[in-house]
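Asker: Going down the list, the protein sequences come from chains A and B.
Counting with this note's numbering, you get residues 1 to 195 for the letters of the first sequence.
Counting with this note's numbering, you get residues 196 to 354 for the letters of the second sequence.
Worth flagging that the hints you see were computed from the coordinates, not collected in a lab.
Mixed in with the good hints there might be a few duds.
Said to hold, decoys possible - In silico BS3-like pairs for lysine-lysine, Cα to Cα no more than 30 Å straight-line: (1) A:K88 x B:K216; (2) A:K88 x A:K155; (3) B:K216 x A:K15; (4) A:K38 x B:K216; (5) A:K59 x A:K38; (6) B:K216 x A:K35; (7) A:K15 x A:K59; (8) A:K16 x A:K35; (9) B:K216 x A:K155; (10) A:K35 x A:K97; (11) A:K155 x A:K59; (12) A:K88 x A:K15.
Unchecked claim - Restraint ranges, calculated between C-beta atoms of paired labels, are given here: (13) B:G251 x A:R80: 16 to 26 Å; (14) A:A23 x B:A229: 14 to 24 Å; (15) B:A258 x A:V20: 16 to 26 Å; (16) A:K59 x B:G251: 30 to 40 Å; (17) B:G257 x A:E96: 31 to 41 Å; (18) B:A258 x A:R80: 40 to 50 Å; (19) B:N287 x A:M98: 43 to 53 Å; (20) B:A210 x A:D64: 42 to 52 Å; (21) B:P309 x A:R92: 29 to 39 Å; (22) B:D327 x A:E96: 51 to 61 Å; (23) A:V20 x B:P309: 34 to 44 Å; (24) A:L48 x B:N287: 41 to 51 Å; (25) B:R221 x A:A23: 17 to 27 Å.
Just so it is clear, CB atoms sit at the ideal spot from N, CA and C, and this is done for glycine as well.
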Amino acid sequence: MSMVRLEERKGAVEKKFDFVPLAILVCDSSLSMQKLYKEALGGIGFGLIYTTRDVTEAKRVLMDVTVDMIVMDIVDADDRPTGLLFLKEFRRWADEKMATLPVVVASSRVTPQQVVAARDAGMNEFLVKPFSVGSLFRAVARIVEEPKAFVRIGKYVGPCRRRRALPMNAPDRRRSQAGVIPAASDVALGAGSAA
Amino acid sequence: MSDPSHPSPLARLRALVFSGKGRTERELVEAGAARVETLRGDFEFEARAIAERLLGLEPIIGADPTSQEGTLARMSARRLTRELREASLLHNYSLIEVVTGSLLTWFEDHHTSPRLPRALRAHARALRDIIDGKLRGEQAHARELLTAALQAELRTEQT
């Protein structure tokens, strides 16, 4: 039995990631951060990396090409929360494929209120700036390792916000609701929910 | 409920990423870090350019910090400093990290202080000296040097 566990652990440690088929869009007002993203994400293996400096450019790119993920800052060069507003806006786009794109919010603003605002705008992951290549990798890897269902509940549109595994004493009604797009057939609604 | 015969976008991503091909997390992070390292030269060039821009903004902030022009210059200087700090941490450039961290504290906690322009000048000069190789050492040493430079700059104002 212990040998089996050892093998399992070895298998988990050596899990392979292939981001080559994926395209990612970066939106950050800083030119040096754009360069850093390009190299870091290129090294991680993303096949296509589009860098933009503001939401206007990001929208233009999204109209022209298909991307699989977005990494964006919540504020622009003038400290206005344009990224946050854009996230809220495109979560409500009619094109479901676009509206459900996974989004990593990267920000140097790390007050609890700002993290909650980003979560409620529909982010998938939060990345605190400045970050290491390792934490950038973890943020994008978590999206595919622990996918969350996409939900439309009340005013909220975005990935399921549940993070903790809490026991449920009643049937999970969200599974039969029209506004839920499952993350994957065998994956729970929230990362921490019981499968 | 979506049609189970069509995989959700995330299920599709999972299938692509975990196809069995690719490399391990450690290998990918190392590859990313190695590529980021190649930008170090660019970063130094940009850091120097930012130091010069901060020095250029100092007289505008010093002339009238409450004017629209002065406020815009201060916000611009703060943004440049924050961007430089973020990049310095990713490049593991601890001396620049110390100086930009100290300058950000000035922008955030002492933005109404009449000493802000002097402090800005001292920090921008320190940044330039780091890039030019005149200011070397570890973080603690950099803090001492910076404190000394700042105090000297502020004393100049008083005399």
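Asker: Against the earlier hints, flag every one the structure doesn't satisfy and list their numbers going up.
Answerer: 1, 7, 9, 12, 15, 17, 18, 19, 20, 21, 23 and 24
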